[in-house]
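**Q** Listed below, chain by chain, are the residues.
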Amino acid sequence: MFNSGCHYYQTQSQESPIKCILFSEFHQLLGPKITFQTPEDYVSKEVFDSLNVYIIPKPELQGKLITVNALGYKIIGYPVGIDNPKYARNRLIFNLCFVCDANLRTVQYEPLVRKLANYLVALEEESGFLSDEESKNHLPLIMTRIMNELNRYRRCSIPINESNTIHLKVIRVHPDPPQVMDHHVPIFTKSRTAILPSQWDLTTQQWDLTVMQILGYIDGFRHVARIAAEADVEVSLVKSCIQNMVYYGVVALIPIFLYSNVYTPTPELGRLATEPTLQDECIKYVTKQERYLPDFRSVFMLYCGLSPGITVRDLCTRHNPHSLGIDERKLIQFGMMRGLIRRLHKYPIYLPSEVQTPIKQPGLVKYFTGSHNYDEICSKTGLSYRELDEKVEKDARVIVCWK
Amino acid sequence: MDETGPLGLFLVNSGSKGDRLLFRYPYQVDDQKASLSKKKRNNPYALIVSEDYLMSTRGATVSELSEKNVLNALRFPDKALSNLFAVKLELCDRKFELKVNDVRFVGHPTPLSQTFNREPSSVLMFNIVFALRVGTIVFRETELHTLFKSSLILKKQQTPSEHKLSLPSDNDQSPYELILTRCQLAQALKKVLEDLRSTGEVHLRIHNWIEVSFCLPNKVHRTHNKDIFIEPQAIQSCLAALKPYHGMLMLVDVQELLMTLPHDASPALVRLVQITSPLKSLQQLSADTDLTLTQVFQLVGHLVYWAKATIIYPLCESNVYILSPNAPTCINSPLVEKFQEKFVGMSLLSQMSEFSLPTSLSQVANPLNSPQEKKSEEEKHVGLKFRTGGVPWNVKALHFQQVQTIVWMLQHRLLMQLHTYVYLIPTSQPPSLLNLHERDNRRPSTDEALSGGQGFSQSDYGSSFHSEDSLGGSPVHSALSGSSSKSGSEEDLSSRDPSNGDLLAELSPSEREAIMKVPAASNTDDLKLFVRLRPYFTGKHHLEEIMYYENVRRSQLVAVLDKFRDVLITCKHEDATVAAFYRHSR
Chain A
0 MFNSGCHYYQ
10 TQSQESPIKC
20 ILFSEFHQLL
30 GPKITFQTPE
40 DYVSKEVFDS
50 LNVYIIPKPE
60 LQGKLITVNA
70 LGYKIIGYPV
80 GIDNPKYARN
90 RLIFNLCFVC
100 DANLRTVQYE
110 PLVRKLANYL
120 VALEEESGFL
130 SDEESKNHLP
140 LIMTRIMNEL
150 NRYRRCSIPI
160 NESNTIHLKV
170 IRVHPDPPQV
180 MDHHVPIFTK
190 SRTAILPSQW
200 DLTTQQWDLT
210 VMQILGYIDG
220 FRHVARIAAE
230 ADVEVSLVKS
240 CIQNMVYYGV
250 VALIPIFLYS
260 NVYTPTPELG
270 RLATEPTLQD
280 ECIKYVTKQE
290 RYLPDFRSVF
300 MLYCGLSPGI
310 TVRDLCTRHN
320 PHSLGIDERK
330 LIQFGMMRGL
340 IRRLHKYPIY
350 LPSEVQTPIK
360 QPGLVKYFTG
370 SHNYDEICSK
380 TGLSYRELDE
390 KVEKDARVIV
400 CWK
Chain B
0 MDETGPLGLF
10 LVNSGSKGDR
20 LLFRYPYQVD
30 DQKASLSKKK
40 RNNPYALIVS
50 EDYLMSTRGA
60 TVSELSEKNV
70 LNALRFPDKA
80 LSNLFAVKLE
90 LCDRKFELKV
100 NDVRFVGHPT
110 PLSQTFNREP
120 SSVLMFNIVF
130 ALRVGTIVFR
140 ETELHTLFKS
150 SLILKKQQTP
160 SEHKLSLPSD
170 NDQSPYELIL
180 TRCQLAQALK
190 KVLEDLRSTG
200 EVHLRIHNWI
210 EVSFCLPNKV
220 HRTHNKDIFI
230 EPQAIQSCLA
240 ALKPYHGMLM
250 LVDVQELLMT
260 LPHDASPALV
270 RLVQITSPLK
280 SLQQLSADTD
290 LTLTQVFQLV
300 GHLVYWAKAT
310 IIYPLCESNV
320 YILSPNAPTC
330 INSPLVEKFQ
340 EKFVGMSLLS
350 QMSEFSLPTS
360 LSQVANPLNS
370 PQEKKSEEEK
380 HVGLKFRTGG
390 VPWNVKALHF
400 QQVQTIVWML
410 QHRLLMQLHT
420 YVYLIPTSQP
430 PSLLNLHERD
440 NRRPSTDEAL
450 SGGQGFSQSD
460 YGSSFHSEDS
470 LGGSPVHSAL
480 SGSSSKSGSE
490 EDLSSRDPSN
500 GDLLAELSPS
510 EREAIMKVPA
520 ASNTDDLKLF
530 VRLRPYFTGK
540 HHLEEIMYYE
550 NVRRSQLVAV
560 LDKFRDVLIT
570 CKHEDATVAA
580 FYRHSR
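Chains as they are written, first to last, in numbering that gives the first Met the number 0: chain A, 0 to 402; chain B, 0 to 585.
Please keep in mind that the hints were generated in silico from the structure rather than gathered at the bench. Ideal Cβ placement from N, Cα and C applies to all residues, glycine included. Do not take every clue at face value.
As the list claims (entries may be wrong) - Here are some, though not all, of the chain B residues that point toward chain A, as calculated from beta-carbon distances under 7 Å:
1) Lys-16
2) Asp-18
3) Leu-90
4) Ser-355
5) Tyr-422
6) Lys-516
7) His-572
So here's chain B without its partners, still in its complex pose (with noise of 0.2 Å):
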């Protein structure tokens, strides 16, 4: 059983016969079950280690324990759990939470106002409650949210089948087994449940009219890699960190996911789904789909959040992997046989040695390996062009399998790429405290005219990056959005022309005159350069981004960072706002 999901499910509501409920499910809980599922946990291969054995078997009867608890906490009976959950009407409407020693109970109840039903009816509240081990804080908020929202919905109809619900009560069988067979919201709760458990992802339409839909965004992330545990604030601010130059990689069959739409999905999703593919930027799918930018931001983060896709950098020859610290390189993982189901003839293992060190796809590109070309789905979208640095460059000539599995690697979470990063350290001593508040200051300024002297065209997005300010609050994008709002200012570019010397105002003078000892730094058009790509300087932008912020190409950027590397210090890790998706449960 797996313990992010809920245990179990209870309606209940109150009127002017009182207190009543109406449905619970599961309505039998037995032992058999439960000791089944806590042998299953035990890992066979598990090396029994002796000197281990004690502590183990202590740690055994205390999960024993509360999983005893747990149980009786679901054997309650109906009186009780409906004296518990019919609250008073003072606590309708809002977040209803109640823990009963190891499992926690939430709810919104919801009150039913008179006015809502066409007969009058004596129901005066209904609660949906979710049994919850403890622990499984993460699965809380968003529990309730969808709570919610299915309470919203019933409210609507909560008349029909109330008296469903009502009728079987005196038989020998279990009355909810009745109700189960003839109430269809007995069973939509039940599918409910059921699907909690199992997928993390509940659709459904109560009555053939009310579409619910919702997922839990932690549980429903694991499909692909059940390793991966990540928090639905993670994904928050992973998407409040989005750029445009970010991709976006499908982690669905692009047709599945058309087939299960909802009829009234938006069609800006449909046309973005279909026409994505791995090696595009969301600003080449904004362009290509003809959304604002903002859209496609607020569509992936949608497919982000339901498990549908996940955040990459679009492919392109330059970027170079790793396997990701998490990466299961056990001989008997799940993940081994799904890979030998896809790529029939290979390896999964052997095909993560290879990404032991940092490798660039253009190294996997290397036909040292003969190509064998197969035809599947996904290659539709990945067999477009690779993008690289401007330089189309055709996937044709590239091994096709190879880049197949590397997408199939990246949708499992089993690589990460690295990405460079540049600090600008050029003295010895270490930047003061003082110097640093300084600088902070002063960087937007300076954005502002550097970036505002770029041939680049801000106008065409200009308006989405309005959008993206108040989600994260870096300086170059308030820099960005402040000069597109700003016109003509590629003045301030030649006001700060003349000497090298007001080029580095900004700094202190020790590191003004390390600066100046480089040899590049003779150079104007060197040091012009220099100086504009100063402000990324700092380890929070990689190589990527200062090449698109600052249109610069690849050979240009790595030039001058080599022609400065006396002053500069590169480094090379994952970046922060992807590694997200890559954490772990443990």
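If we strip away everything but chain A, and leave its shape as in the complex, we get (with noise of 0.2 Å):
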């Protein structure tokens, strides 16, 4: 559920390098104007002479970011105007704009244009680094500067006087992250310990300190209530945190892994079967003593033996996996993480009947609207996964879906 909008957002296009930066202006005498590209020539005076609408637009438009896409040029502007009697029409208009590959992404570039104009409108009103010739000649070089580290190292500090520096940063979009719940558990999605309190450096020392908190307690079998609970940080606390690991994929949420939990093989299963290098992560994730790695067919069998109405332990009776050195719980760690298998929700509904009878569990009942799962339901009320069951299995209004 979670991999799927990942995977969504990959597919959509790849981010576009910066192709050329071009500064623009609005002359006196001859109109809308480039004064300054770089590389030289990237944009024909003919491209811009039909672009420069949205390039240098009318008023309206102006403080508003504007991207046009169009001749093979993808161009990301933020047109800026200051009044001001001292410039020759009252007023200094001109944009710094960004001109990207017409088929990629570059919403990650909006920001960056957008507070280079600010930048540019501070300097401007400070020192006057725009409207002075002298100091604009400077503006070629910061522009090569910006292009070459934003596209080499995705950021760029860049000192231009005393009182300035332009600092930008390159940030990846993300799909929203779902909403994290007590029960979700987080686990890191590459292998990483945690780094000790004691052995904090300068930069980790600067982290955000509930994050260094929990993250000792994030292993992939600890769930958010429990995290927060052992960790003695506030829940919304650590979710907020962990959603936000979930944003940058340093962290992937999974269920709880309960031996009364039921999982399904998804399409993907087919994967391992034919990517050695996937085969071989997996052995190695899964084995329960590194000297000795089980065998692939006992991997795949344990597997494809998942499959609605049979639980893990009705796996684990079937297959020994301990027998075979595999570790269950690793096992379904695995197959969750790289979405190979699914996990099965059970899903109780409470259906009246047309006779309407006292409703024995009044507490509870508010919680089988179909929306909540045995999961949610079991944090929520503190009820083990066996007294819901015996609660649910009794009333014969209560009905139950698996999904």
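Starting from the two chains in their separate frames, assemble the complex, guided by the hints.
**A** So this is what it looks like as structure tokens:
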């Protein structure tokens, strides 16, 4: 469920590098013109002339992010107009644009273009940076540095004068992370070890303290509520920290591991049979002891043995993964992280019969709307899985959907 | 307000009199409506958790801000808009895209050549621009496509409408309101926008002459289950992977569909729609309608694109269904009510709970539940015959309503079919990289030899397989078309008959050894069948596909799988081809 979203965004299209940075101005005599661009002549005079309406637009559109995609260029600009009687037409109009590939993604540059424009406004207002020909001539150099550094390191810091330094960073735009629930289990997407407070260096000291505090408890087994309790951090703080980590793909969320859980393979499982690197990774991950790697057939057989109606407990009694050298908890973890298997959740639903009888468990029934699964109800009410199961089974008006 | 729909529409032209905004819709953007719609989006049933409060309010302000930006963009003055959209001639006749803050404007500026008009006109170009909310990325390409189509049509009749449009301008009320009452084109454009927003489907005739129809696939597919999110690319890839054994399930009433078809609709389409049934495979449909398989594929593709049909495996008693992971189980789901309207006295949720575990159609037909005869429209085509590996099986014995509910749930993507896939993993060692490559290289040749020996009549639709080649590049396809083109391929099988050892020559020694250890391997017939089916044991082909391509009966196949279970692993999951239709919005 969580993977599908990421996948969708990845397949959208790649991010474009910055092909060119262009500084355009409204000249009091010549009208809109390209003052500088780096590299030179990337955008030809003709192209500029047909697109200048969008680069140096009418006043209504100034101070807005404008992206135009035409003639094979994608130009992102933030036209700015500064009113002041000292300028030739009482107004200075300029736009510093990023030019990118027409078919690739460029949203990530939008905040940068806006920020850069605001830097230039500040520079102009403080020291007349743009209206002074001499200081303006520094601009091509700055533009080249910005382009090279952003393309290479995705960030740059360029000192302009004593009081101004341009700091820019390309932020990757990710899809919104899902809501983190009490019963979710965070797990690192790449194997990482927690950094103990004694090992903190200068950078880690600046990290978010709450994150540092809960980091050690993220092991792929503890759920959010338990992390909060053990780390002695407020649940909502833990949730927002973890959500943040999910956003950056450091952490994935998987359901709590229980022997009563039911999983089923997805079409993705086929990849495991054909991709040797994935097989390798899988075998190393699920092994009980590093020295004795389990054989692939057993691992694959266990995955295929998962099916609706078969709990992990059933699977264990049938195949005894321990004797095969497989840790079933890690097996499930790996399968969930890679989307090879998916969890089937149990949703109790209360269907009132025609004859209204007094509700026996008024507190519990409010969860039986079909939108809460067992995990949620258990973590909210503090009931154990088995207790809840008994209550649901006793009441004939409550049906159960697995999905 | 649906977020995927366009926000507004503008028509501009430019000519000797400069650029002009001829029409815009909506011409009044009021905040009232926006705030209302915003309220609506909050789920009244949502539990307000105090700890989440901080985050949710922060989120709201962000969306509020962007909402304001969007509205501002729609309120740009006419002059600003015409200046933006009446592009220079160099930009004409190609995709035009402009993004201002959070609103994306897309159009297809179209130049007018002077020779086109009977009377000389001063209009040089025109442009119909749609305003979209940023983030509806999927929607763009199709939109442009449709724009292009409509632009082309408008090209032919720009002149008359242009005159009409330019008439009123000095009036107290919004000139656009007047235009709307007087001008057909303006009404047509308004209808386009409203239809796109409400249903995603547009059918109209401009000047009672030219038929314009288009749809937003990702939107029309939501009409049956609003949580479904289907990208146009997903539809394309599903259609590319379409096989003759797939079936088509109509999502709309056949009679209604026939009524709404344009007059010049293909008679083949009408024939196909009339005779289609969820029990028939595409191959059968092609035989019944007397169309080639390629034609049937194209027509089905068309229906699927328009969300009039979806792809299923034809209903048969061995089909196993399970609840889709995204099926809404909430008691307030609108589908619950919809279901009750159609099947009085039945509860959708209890029907759904029956499919918590994989359930086959034959299990459903179990006469434990009292059969209630209930005639309905669809029954006619469901009530034909079930196809069960060649044995005709009368549906009348089966619980009509049960099948009806299953069909309904399939139409609303609540159920998913599980298929069995087979993997040949004979040894305990993972197949090495080298080994895999070798196998891949060899597989086509074995396929060719094997399928060439089959008694099933490839010549009947051999031609259509050729065209399918270009769609899906699966080894089976190429193998089949390859063998259908060459005659007398029977020799291949006979030449590779003699000893058991030779049959497994493609495998590595250890794999061969593992297979030969299986007791059934000593039986030559069993081993021969196993070797024949071996190319399908890669987890890429489900049992039904193997049955179709190799013309074996289910019982035969199941028997051989059982005999060789020591070297095989079976796995049940949904067909990846069809899975695209179950994608969820989140």
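**Q** Take the hints in turn and mark each one as holding or not.
**A** We went through each hint and held it up to the structure:
1. Lys-16: With a minimum Cβ separation of about 18 Å from chain A (threshold 7 Å), the hint on Lys-16(B) is violated.
2. Asp-18: 10 Å, violated
3. Leu-90: This hint holds: Leu-90(B) lies near chain A, its Cβ roughly 5 Å from the closest one there, short of 7 Å.
4. Ser-355: At about 4 Å, which falls below the 7 Å cut-off, the nearest Cβ of chain A leaves the hint on Ser-355(B) intact, so it holds.
5. Tyr-422: 5 Å, holds
6. Lys-516: 14 Å, violated
7. His-572: 5 Å, holds
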